[in-house]
Amino acid sequence: MAYEVLARKWRPQHFNDVVGQEHVIQTLINAVKNDRVAHAYIFVGPRGTGKTTIARILAKALNCFNGPKVDFDLEEDVCVEIAEARSIDVIEIDGA
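In my numbering, the protein residues as written are 11 to 106.
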């Protein structure tokens with residue numbers, strides 16, 4: 011069995027799993043639900059605040075087969091590809 015860092019193993023997978031960023035999560039949920047997603051988002055802040063996690067969750071929500079939705083299925087092929095960093099539609103940039 012391959013070693014996996016605990017932070018990656020237990021990384022939140024849905025908007026409602028994220029702790030400590032309720033205002034950000036609510037803003038993104040409202041944007042997806044109301045079909046008012048901006049053309050770009052910049053996630054900035056100190057290490058460990060959930061920037062990458064929230065960005066990946068947003069990518070999954072926006073790339074669903076039947077259009078953007080908050081309650082996406084993690085078993086969808088596109089979600090699996092994003093989780094495994096294999097999606098050609100999602101480019102993750104680490105600005106550090």
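Just so you know, the hints here were simulated from the structure itself, not pulled from any lab data. Built from N, CA and C at the ideal position, the CB exists for glycine as well. A couple of the hints might just be wrong.
Unchecked claim - Computed list of lysine to any residue pairs in SDA-like fashion (alpha-carbon distance at most 20 Å, straight line): (1) K61 - I103; (2) K79 - R66; (3) K43 - G55; (4) K43 - K19.
Stated by the list, open to error - Computed beta-carbon distance windows for the label pairs: (5) P78 - Y13: 28 to 36 Å; (6) W20 - N44: 28 to 36 Å; (7) H33 - R57: 14 to 22 Å; (8) Y51 - G77: 33 to 41 Å.
Do P78 and Y13 keep their Cβ atoms within the hinted range of 28 to 36 Å?
Roughly 35 Å apart at Cβ, these two residues keep to the hinted range, so it holds.
Taking 20 Å as the top limit, are the C-alpha atoms of K79 and R66 close enough?
Satisfied, since the Cα-Cα distance of roughly 14 Å is no more than 20 Å.
Between Y51 and G77, does the C-beta distance stay in 33 to 41 Å?
At roughly 18 Å between Cβ atoms, G77 and Y51 fall outside 33 to 41 Å, so the hint is violated.
Assess, step by step, whether the Cα of K43 is no farther than 20 Å from the Cα of K19, and give holds or violated.
violated, 28 Å
Should the hint that H33 and R57 are 14 to 22 Å apart at their CB atoms be regarded as holding?
Hint holds: Cβ distance 19 Å, inside 14 to 22 Å.
Quickly compare the C-alpha distance for K43 and G55 to 20 Å and report which way the hint goes.
Roughly 25 Å between the alpha carbons, so the hint for K43 and G55 is violated.
For a C-alpha distance cap of 20 Å, please report whether K61 and I103 respect it.
Given pair K61, I103 holds - Cα atoms ~12 Å apart, limit 20 Å.
If I claimed the Cβ atoms of W20 and N44 lie 28 to 36 Å apart, would that claim hold in this structure?
Distance hint for W20, N44 holds at roughly 30 Å.
Going through the hint list in order, the structure does not satisfy hints 3, 4, 8.
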